[in-house]
Structure formats: C-alpha cells, structure tokens
Amino acid sequence: MADSDPFLQTIDAVYAGGLESERMPEALEATSSLLGAVGATLEVISKPAKRPIGFWAAGLPDVSRTQYIEHFAALNPRIPLTLRQCAGDVAWDRQLFDEGQMKRDPFYSEFLPHLGLRYFVSIVLEQSVDTLAVVAVQRSRKQGHVDKREINLMRRLYPHYQRAYDLTMRLKGASDRSNLLENAVEWLTDGVALLRADSKIVYANDAMLSFAQRGDGIRIVGGILELAGHEARRSFDIALGAIARLGDASADAQSTDFPVMRTCEAPAYVVSVRPLAGAKNRTAHGDADVMVLVRDPLSPHEPRTQVLQELFKLTNAEAHLARALCNGVTTRAYAMGRRVSLNTVYSHLKQIREKTGCRSVPELIRKFGEWNVPLRLS
Amino acid sequence: MPGSDLFLQTIDAVYASGLDSARLPQALEATSLLLGATGAILEVIDKPAQRPVEFCSVGLPDIARIPYIEQFSALNPRIPFALRQREGAVIWDHQILDEPRMERDPFYAEFLPHMGLRYFAAAIFEHTPDKLAAVHVQRTRKQGHVDKREIALMRRLCPHYHRANDMARRLRTAGNRGKAFEDAIEWLTDGVALLRADGGIVHANAAMSVFAESGNGIRIVENCLEFTEPLARNCFNSALGAVANLGDPSFDARQTDFSVPRSHGMPALIASVRPLIDTEKTKSQDGVVLLLLRDPLWRNVATTRMLQEVFSLTKAEAHLAQALCNGETTRAYASTRQVTLNTVYSHLKQIRQKTGCKSVPELVRKFGEWNVPLRLS
Chain A
974 MADSDPFLQT IDAVYAGGLE SERMPEALEA TSSLLGAVGA TLEVISKPAK RPIGFWAAGL
1034 PDVSRTQYIE HFAALNPRIP LTLRQCAGDV AWDRQLFDEG QMKRDPFYSE FLPHLGLRYF
1094 VSIVLEQSVD TLAVVAVQRS RKQGHVDKRE INLMRRLYPH YQRAYDLTMR LKGASDRSNL
1154 LENAVEWLTD GVALLRADSK IVYANDAMLS FAQRGDGIRI VGGILELAGH EARRSFDIAL
1214 GAIARLGDAS ADAQSTDFPV MRTCEAPAYV VSVRPLAGAK NRTAHGDADV MVLVRDPLSP
1274 HEPRTQVLQE LFKLTNAEAH LARALCNGVT TRAYAMGRRV SLNTVYSHLK QIREKTGCRS
1334 VPELIRKFGE WNVPLRLS
Chain B
-17 MPGSDLFLQT IDAVYASGLD SARLPQALEA TSLLLGATGA ILEVIDKPAQ RPVEFCSVGL
43 PDIARIPYIE QFSALNPRIP FALRQREGAV IWDHQILDEP RMERDPFYAE FLPHMGLRYF
103 AAAIFEHTPD KLAAVHVQRT RKQGHVDKRE IALMRRLCPH YHRANDMARR LRTAGNRGKA
163 FEDAIEWLTD GVALLRADGG IVHANAAMSV FAESGNGIRI VENCLEFTEP LARNCFNSAL
223 GAVANLGDPS FDARQTDFSV PRSHGMPALI ASVRPLIDTE KTKSQDGVVL LLLRDPLWRN
283 VATTRMLQEV FSLTKAEAHL AQALCNGETT RAYASTRQVT LNTVYSHLKQ IRQKTGCKSV
343 PELVRKFGEW NVPLRLS
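Just so you know, the protein sequences line up as chains A and B, in that order.
Using the numbering used here, you'd call the opening residue of the first sequence number 974 and step up by one each time.
Using the numbering used here, you'd call the opening residue of the second sequence number -17 and step up by one each time.
In short, the hints are calculated from the structure, not lab data.
Since we're looking at a predicted model, the values are computed, not measured.
There may be inaccurate statements among the hints.
[Unchecked claim] Straight-line Cα separation of at most 20 Å, EDC-like style, residue types lysine to aspartate or glutamate; simulated pairs:
hint	chain 1	residue 1	chain 2	residue 2
1	A	Lys1020	B	Asp180
2	B	Lys340	A	Glu1238
3	A	Lys1145	A	Glu1099
4	A	Lys1340	B	Glu310
[To be verified] Footprint (simulated), chain B over chain A, 3 or more residues, beta carbon under 8 Å:
hint	segment
5	983 to 993
6	1000 to 1006
7	1158 to 1169
Here a beta-carbon is modelled for each residue, glycine too, at the ideal position from N, C-alpha and C.
Pulled out of the complex, with its shape left as it was, chain B reads as follows (with noise of 0.2 Å):
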C-alpha cells in the first residue's frame, strides 16, 4: 500500500523510543511528517495533580518562551474534549468547533496563529481516572483540517503509541523495587553482600564495602570478595557446602556462622553465609549466597541517641554508659577521661536510678537489647 514504509519507518521509530526514551523525538518526527503536519507533541498528564509528567515535542516552538501560554492552556478547548474521550480514541478540530465558530474562539483566532498553527489530530492512547496520555500532531492553516487518511493513520498508531509507552514505563519502574531493597539493606550497621559461589560480588552495602577497605580480615579484589586468613576462607568454603542442605534436620547447621579473625588486636568479625532461594527457575542466578558480617565492636551513634532519649541521661552519663557496656572499667574511664572517680560514681548513681538496673550486668545486659542494628545517616 502507499506510504506504508513510512507507516512503517514511523512504527519502527515509536518502538526504538520505548526502549530508549532519548529516541522520542524521532518517533514524534516520523509521526509528524506521516501525517504531513508541522510538528508532534507526546504528553501525559497526571489528572489529580493537573500537571503533565512527561512531555516532548519536535517541529513546534518551546513551550516555555511563548507567552500568555498559561492563560491560552486554560482556554484551549481541545483539552476539556479529550477529557471526555475513552482511551483509543481519535481527535480532531471539526468535533469540537466548526471554521466559524474556530474564528471567534480566542484560542484558535489569537493563540494558535500566533505560532503558525490551526489544526490538529491526537490520539488518546492511554485514559486512565489518574492519567490522560495522548500523542497530537499539529498542522498550519495551509497543511488543512486532517482527513480520512490522517484519521485511519492516528487510529494505527495509537496501540503502537500505548505499547511503547508501557515498554518505557516498565522498564522506568522495573528495578524500583529492587532499588528499595538495596536501600533498606544499605541502613544496615552489619556488612551484607550477595556473592557467587567463586565470591563475586552481585551486590554488597556499605557496612560491607567499609570492612573489605580496612582489608583486614576480608578485601574486595576484582569485584570479588576475598577472606585475608586461610582459616576464615576455609569456613566460608563449608559455609557454601553446609546452606545447601539447611534445613535439613539432620544437618548440622553450625557451620554457616564463623569467625573471621583480624589482625592488629581486633575482635573477629563474625560472618553468616545463608543460602538465596529463587522464587523463578533462574538458573543464571542460582549458587548466590547471602554473606552477613557483624563488627562487634560497632559503637552505633543511634544506638547512644536513643538510650540517652528514652532514659532522659545526659550526655556524659550516655557516654559513661557506653563505656562500660563495651567492657571499660570505671577507673580506666575516669583515667581516660580525666574525671574524678567520684565523678563516675555520681555518673553511675544517675544512670542506676534513670535506667532501674541495678548492676552493671544487668546495664549491659539492658543496651546490648536496646541496639539499634541501623546507621544513623
């Protein structure tokens, strides 16, 4: 049939710019130039915030730099009738107004010459309660009122329209969900990375990208994650053995939670290896693991915070809190932080009546419960 390569072209062109929305402007062009019109114009308004959320034009004047635009949009006539339409439809000038009445209306009379332009055609290829996305051509005086020919080519495009627009949209929101994930695991005081069996790194927090840097214990060597001591990477070896038959209860389970020693008279850290079940049959993923590392010598500030909020304790009485919960007696903290032991004891008085605990076990006992396992920024 006639012009159907440029029907074609056009489609062709509609498609690319689902896949890559910088493509969007030829797909309007080819559109344009189909329907022998001036210019193009893709939007998608959200209908409750009466805003438009995506929007491009080829072959017309910016939008922004024409004046009065506001006020012209509030009187644009075609707007409130493409409202009124069900998704599919096709629009054009002569349902609305007739030559005449075009001449008396202040935004076909004033508005549109102004910017060379008379009529168009629109194709409303998504109608939702909460959006309205349509792809509208526009034409001069001279190009004419669109035809039987430019009605049937809007009425082609528009599924085409509505599918590259989805294909746009769910490759837009396809790693959302993952992404919050990532951001949720990104909280974590606790190193968390999802490796392959042979360590490569799938994804891993900062906790964890923080520990692989001091390179004490593990390190990050070409995207994959190492353990510095034989002994650890043994462990994490028949970690990677042990998750395949958790669950099983005659497995003995222990051997997924290890040690992985530090030099320079650091605590080990202590590392979880849990096995990453895939919902699909996605064999390309399969042998992902989980690996979990915990500092125990984390001071959180949240933790502190918290503490010194819920207990109303004072900054000192916070810190000297902390202090022996992490082991220090009270004559090394008086010494280290040059105060009195009279001082201390009046601290501890303090926190003793505010907390309720009366020993420091049961101090510790009651901070180490009230941990906060999230950073603070």
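Chain A extracted, bound-state conformation (with noise of 0.2 Å):
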C-alpha cells in the first residue's frame, strides 16, 4: 500500500534507489516533483580520478557529456562550492551570486539556458579525501529560484539519501571484490569448483568447466560434480560428509585429497575437497560450503618450455630434448625418434646439465616441474 504523502513517497522511492541502484532515478524524480524541479542528479566523483564513478539522473535532457566535460565542468562554479561543503550541507545558487552576476558567468548565461535550467540545490552526501557524492536538484527560470520550503526539504530528505548511497556503495564494494576474486580464481588452470553443503555448484571456474565437458572421470549432471570410479566416489562422499559433520574435513583428513582415474592413457585427476572457512557463521542458504579442486597434471599448464629455454639460454634443440626427458622419454627413444645419433643427443645433454646447473635428469625433471605456471595465458 502506498502512502499519500508525497514526503513519504519520496523517501520510499530513495530507499528502493539504495537496493537496487537502477531504481535510483525513480528517487530522483519523486525528489524533483517534490521540489518542484525539472529533473535531479545523483553524482559520485572520485576526487583523485577526476571523474565520476556514479552518475544517475531522472527529468533532464541527456548531456552531452563531452561537451559539459571539456568544456563547462571546468567553468561550473557549484563545483567549488560544493567541495568546501561537509556532508549534510546544501547549497543553492545565491549563495554563489546574485542574478547580475548570473548573468555574467558563461556557465549560468551560455550552457543552462541551453538546457533550459537555471537554478539548483544540492546536498551533499559525503565528502572525503577521495569522494565527493552529491544530489542537486535542476530548476528552469520559470519555476524560480529555490525557496525556504525546498531547502527544507533537502534538509529532511538528507539522512535517507544518505542511507541509500551508504547501502549502494556498500553492496557495490562487496560485489566489486566478489568479482575481482572470482576474477583471480579463472585464472587458474586447475578446476575450482565451490558447492553448497548439498553439493549443489554455486560456482565452477572454466578449468572446471572444460573438465567436465570432456567427460572422462569428471561431469557435471544437474548442477551437481560427479567422479567416475567406485573409489574416487566413496573418497568424495566421505570428504563431503566430514565438512558437512564437522565443518572440517582436515580432522577426518583420510580422503580429502584423492586421485580420480580416467578412461583414456591420461594421468588421473588429482581431486581435493576442503571446507570454506566462513561458512559455519553463514545462515543464509545458498552460500558455498565447500571448495573442490581439481588438478590435471598434463597440459594445459605443462612447464612453459619458452621461459625455460629463455632463462638458462637453451637451444630450440636443446630445449626439446630437455622436454623430452622431462615426459619420460629415454635418450635412445629419443635419439631413433628425431633421426639423430646418440652422440648428437648426449652433447645436448651436456650442454642442459651445464646450462642449468642439473646433474641428473631427475633434477632436471624437478626443475623443469617447479616451472609449471598454474595460470592460463589468455
């Protein structure tokens, strides 16, 4: 049901404007109708970038922006004005001039009259080191310079403006971060997956992804992961069940991390299960309890043979044969393989150990497998 009063119809929209940010401009334009405006703007600027970082607007021709922005932004005297403000201060035009001097200021007499506005009040909702964040409300020549009343008005509309910009910008900066660490996780070459308590996925990484569409010991069926093999399943029930029990699956630390067989030649999947940490003080439903992580020891985050052979200043031959041996390769294989005599294959290998210092080919496997990057390259 909704209230009558334009005041209160006023705060609700503003509060709904703080929820949901595309909703904003319906606040603003209960705001102008309220103060009898022609539009109003809800402005974030990042005083270190020089720019915006939030700009909504109800009731007002669409700027074009370039042009405000070369040239007016830098002539527009409620700027300054503003910025020596505290939060909860509202400003309005005679406080600036009076209308002879409107008259001679380039932004009152050339670019307001273009948009058909003339007077203003704003107030601002934080000003710090790094932000300014104001809700000015526009004014055409006709409806008149602002009064007591609009002031007023401004004044009782402050602390919910001032809420709903707090909950805006709270929840902009937790999904913000949310993404920039979902972000970090695609990164990886090994599949994450994160599942609710009833192994539901929230979310599956695109390593995880590409897993599961080949099929071969790992698929995703109805939004849940599932393992091929009797083993691997009874290991992935019992990890899962140990969070579930105990919110911990290192103290029954038996099955956390398990080998996943699969079909083809390939090495199996290295599979580990672990409990997310915040998860016990979560009470909503549908949050992540659990992180799965699933490591393919073959490509594609095989050893970057470039940075190697960059680093120790291999050879493209000397390289390969390195390679080679780190994939099990014997010296004679190799030497029938690439049609080469087993002399030319053991000056490589000479040259590698001096290179990088590897007196074994055990070494040089290790060495080679301590460069496995575990991030994608594009």
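Hey, can you piece these two chains together into the complex? The hints should help.
Structure below.
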C-alpha cells in the first residue's frame, strides 16, 4: 500500500533506489517533483581520478557529456562550492551569485539556458579525501530560485539519501570485490568449484567446466559434480560428509585428496576437497560451504618451455630434448625418434646440464616441473 | 496530519535499523510508542526449521526468563493464524477470538496476564514458503484492543519494515560470495595477491603473507607489496605493461611470468601476473592485477599423504620417494637419515613395486604430476 504523502513516497523511492541502483532515477524523479523542479541527479565523483564513478539522473536532457566535461565542467561555479562543503550541507544559487552576476557567468548565461535550466539546490552526501557525492535538483527560470521550503525539504531528505547512498556503495563494494576474486580464480589452470552443503555447484571456473565437458572422470549433471570410479566417489562422499558433520575436513583428513582415474591413457586427476572457513558463520541458504579443486597433471599447465629456454639460454634443440626427457622419453628412444645419433643427444644433454646446473635427469625433471605456471595465458 | 512527526520518526528509525541492526531496538521502541503499546517484537521464523532466525524485543520481559514459555508458545493461537496470512497482512486479536473466548483460552487467560499483556497487532511484512517475518506490538488490558488508527498505522509501517529488513539482509549476505572466493584462495599453497599497479594490496592470501614475512625476494611495506631485487621489480613493471596486451596474439606473453631471485641459496620464486578485468565498468577498480607466486621448494604434506595412501606406501617409503623427488641422491639420503644404503635400496624396491615406476626419473615425473596444490589445514 503506497502512502499518499509525497514526502513519504519520496523516502520510499530513495530507499528502493538504495537497494537496487537501477531504481535510483525513480527516487530522483520523486525528489524533483517534490521540489517542483525539472530534474535531479546523484553524482559520485572520485577526487583523485577527477571523474564520476557513479551517476544517476532523472528528468534532465541527456547532456552531451563531452561538451559539458570539456568545457563547462571546468567553469561550473557550483563545483568549487560543493567541494568546500561538509556532508549534510545544502547549496543553492544565491550562495554563489545574485541575478546580476549570473548574467555575466558563462555557466549560467550560456550552458544552463541551453538545457532550459537556471537554478539548483544540492546536498552533499559524502565529502572525503577520495569521494564527493551530491544530490542536486535542477529548476528552470520559470520554476524560479528555491525557497525555504525546498531547502528545508532537502535537509529532511538528507538522512534518507545518505543511508540509501551508503547502502548502494556498500553493496557495490562487496560485489566489486567478489568480482575481482572470482576473476583471480578464473585464471587458475586447476579446476575450482564451490559447492553448497547439499553438494550443488554454486560456482565453477572455466577450467572445471572444460574438464567436465570432456566427461572423462569428471562430469557435471544437474548442477552436481560427479566423479568416475567407485573409489573416487567413496572418497568424495567421505570428504563431503566430514565437512558437513564437522565443518572441517582435516579432522578426518583421510580422503581430502585423492586421484580420479580416467579411462584414456591420461594420468589421473588429483581432486582436493576443503571446507570454506566462513561457511560455519553464514546463515543464509545458497552459499558455498565446500571447495573442490581438480588438477590435471597434463596440460594445460605444462611447463612453459619458452620461459625455461629463455631463462637457461637453451637452443631449440636443447629445449626440445629437455622437454622430451621430462616427459619420460629415454635418450635412446629420442635419438631414434628424431633420427639423430646418440652422440648428438649426449652433446645436447651435456649442454643442458651445464646451462641448467642439473646433474641428473631427475633433477632436470624437478627443475622443469617447478616451472609449472598454474595460470592460463589468456 | 496529527502524529505524522512521530510516524516519520518511526520510519526514520526503521530504516536506520536496516543499515545498522544494532539500532533495531530504537525502531521497535518508536513503533511501540506510535501505537500506544507496551512493547514490540520483530521476529523472523524459519518455517521448515520451525525456529526463529531473528528475534528482537523491547519493552517486554526477557523471554528466556518466562516460565513455561515453550508450553504456552505451543498454545499461542496467534501463530497458526499468522501462518495462514499473506505477506502484507495486518492481524489483531478480534480476528482470532472475541473477548469471552479469550477468557477461556489458556494463552490469553493465563500466560498473557502473567506478563501484564493482553492485546496485539502484527504486520506480516514477509511471508514465503521458507520464512515468516512479522513485527508486532503488545498492549495491556488497560491500553485496550487496537483500533482502526493502529491498524492503519501498522499497514503503513509494513512496507518500510519489509524494505529495512531487506536492506539488512542484503548487507549481511553481500560479502558472502566474495568471502567464499577468498576462503578458496586461502587454501592455495601458491601465494596469491590482488594488487593495484602501485603494488597496493587489495587482497593477499596466507601463503603470500608467509613469503612476504620472510622478506626474501618480496616484502610488504605499508600494505604495498615490494620486490626486494631490482631485477624482479623491473620484471614486475614490464609484466604490468604486458598484461594490458595479453590476448593480443602478436604480443609476446612471456613477460607475464618471471622469476624472483632469493638469497641464502633459496631457489627463485616463480611469479605470474595476470590482469583482472572487471565485468562491470567499475572504474574505481581498474588496474588491479593478479600476482601468483610459487615456491618450487614447497613440500606439501597433503601430497605426501595422498601418495602414501594411493600407493599404500609406508611412512619411510613415502619419505624416501619425496626426498628423491626433491633431488636428493640415495647416498645422501642414507647418510642424513643414518640408515644403511641397503635399507634405502630395499625401500626403493618397494616403491618401484608399489608405484610401478621402473626408474627414479619416472618416479619424479609421476609424483610431480600428483601434486596437491592446497594446504592441509
């Protein structure tokens, strides 16, 4: 049931805008009509970057921003005024100019008439080292300069706008942070999935999805991660069960890491299951409780031969041999396969040893294995 | 309109509680005052679990101290009535019982008088299959049954309580998704940091903090990550430039991975830099990159344990296998562990049989493949 009081309706719209920032224009529209204006804006400016990081408007012509920013923004006398204010301070034209001065000011005499505007009243929501946030209401010449009533209304709206703005920024901050962290997990060559306590997948990164798509050992069916093989399934169930019971898999750590065999020649996936620490403190449903990580010992994260080649200044032939040895090819087989003499292979090997400082093939394998970069390249 | 100031003050308090739940008592106090009641309660009930998940009361005796609360709750005729209502409904006593019936109802005749209460009015501001959320005011016999005025006020308050509760919930859960990713990253044995171009840390996991604490290769100064060697610093800077062009096929992506030399004979850390592209055009975040640091020397207990389990190795065998994989020779192993070479060879024979590896290189490769990249605890 909507309240009939316009002030209450405005407050209502302001909080709705705080919850869903797409609805902020409705709040501004209500504000504008409450104050008998043409339109209103909410602008959040990053001071170090000198540009808006949030902008909502209602009722105003779509300002060709380039024209405004390039020319008139610098001339706008309202900006220096609001920059000197504190949160909760109201600003209006007469604090700046009388009508005579307005006629001589380019912003008032050229830019504003072009948009059919003349007067404003604004309130500062945040004034910090980094940020200025202002709600401004714009009136035409006909609507006239604001009066005590409008200034008073702005003051009364302040706590509500301030809260809605605070809410918007806090929600945005949380979602920005979550996006960054999610992005980081997307780079991993290991498959990562976050599961709910009922083992439904809440999130899976690209690597996990591509493992699942191959369908050899790991599948995703109906939002559930499925592993092939009796042993692996049993280990997985035990690990999930331990987390559900104790919220801590390491207490029953027997099966938190286990291999999942594949049908083809490829080596087994290594699957690790861990509880998410925050899970215990969360009450809301639908949040992730468990992390599952799947490592494919084969590519895509095979050692970056290029990096190694550069690091140790190996020739192409040497790098090729080194890689073959690391993959378990014997020197004899390599010579045959490449149709080179064993002597050539040995002389390459000698070079590799000198350049890398590795005295044995195991050492070489280890050193090259170290250079597994666990991130994708693109 | 009369009382409109008090109404606005109440709404103000309700929304203030949406942003800061510690202020919920003030909102309830204002509501109780506005409705001429003794006290007020906000309650959110998880229906499947049949228990309150949120509860706040003002002006009323502490429910924990009320004798027979459990028994009387079961008899409370208001609860089944509330459960039949739709979201947005306002309910009051006379909808449920008239005065003579109240006298015969144990909840009204025994329990409520004990607390000095008699009447109520409630607004059900949220009702889903999973939960019932309501705010109710409690009045004494003297304050009397609610009238049209109070019912109308409850109706007007209802959407505001709904929204304030929504705000509180959104704020509570907003960080959850990010926290889940943070928790996941925390398990990695590799150091992970989200950095601004100037090295300012947005987030760093435990492994990264351990690397930084050593001060060998990298360190953290005033919440900025620094490479101690100029060479690595240069590499990081060119990687920052390089990540901007990542994905451009003509661009040499090698610069995004580099080594971070360490002193005291420690092997270099392996660093990888990747851009973090924001899906939204969130300008405030741009320039944040992912830095991943890998310590080649990391010996993960989780890996040893898994290998031991998978191949049914004994502790001694698993230990030897790990040592060989770390480049130790059999001879060196025997002397440091003070065992005979014969013992080592017999372990090795067992390892070969159990793992099916015919040579040490094969073993190193196999064990290298089966590397658990997560910490154990």
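Taking 20 Å as the top limit, are the C-alpha atoms of Lys1340/A and Glu310/B close enough?
holds, 13 Å
Holds or violated: Lys1145/A to Glu1099/A, with C-alpha atoms at most 20 Å apart:
With Cα atoms ~16 Å apart, Lys1145/A and Glu1099/A stay inside 20 Å; holds.
Under the criterion that the straight-line Cα-Cα distance not exceed 20 Å, is the pair Lys1020/A, Asp180/B satisfied?
Holds, at roughly 18 Å.
Just to make sure I understand the rule, a stretch counts as covered if three or more of its residues have a C-beta closer than 8 Å to a C-beta of the chain. Does the segment 983 to 993 of chain A meet that for chain B?
holds (count 6)
Is the listed coverage of the segment 1158 to 1169 of chain A by chain B valid when you require three or more residues with a beta carbon under 8 Å from a beta carbon of that chain?
Check passed, 5 qualifying residues.
Count the residues of the segment 1000 to 1006 of chain A with a beta-carbon closer than 8 Å to any beta-carbon of chain B: does the count reach three?
This one is violated; 0 residues, fewer than the three required, reach chain B with a Cβ under 8 Å.
With the threshold set at 20 Å, check whether the alpha-carbon distance from Lys340/B to Glu1238/A stays at or below it.
The given pair, whose Cα atoms are some 18 Å apart, holds under the 20 Å limit.
Against the hints set out earlier in the document, a violation occurs for number 6 only.
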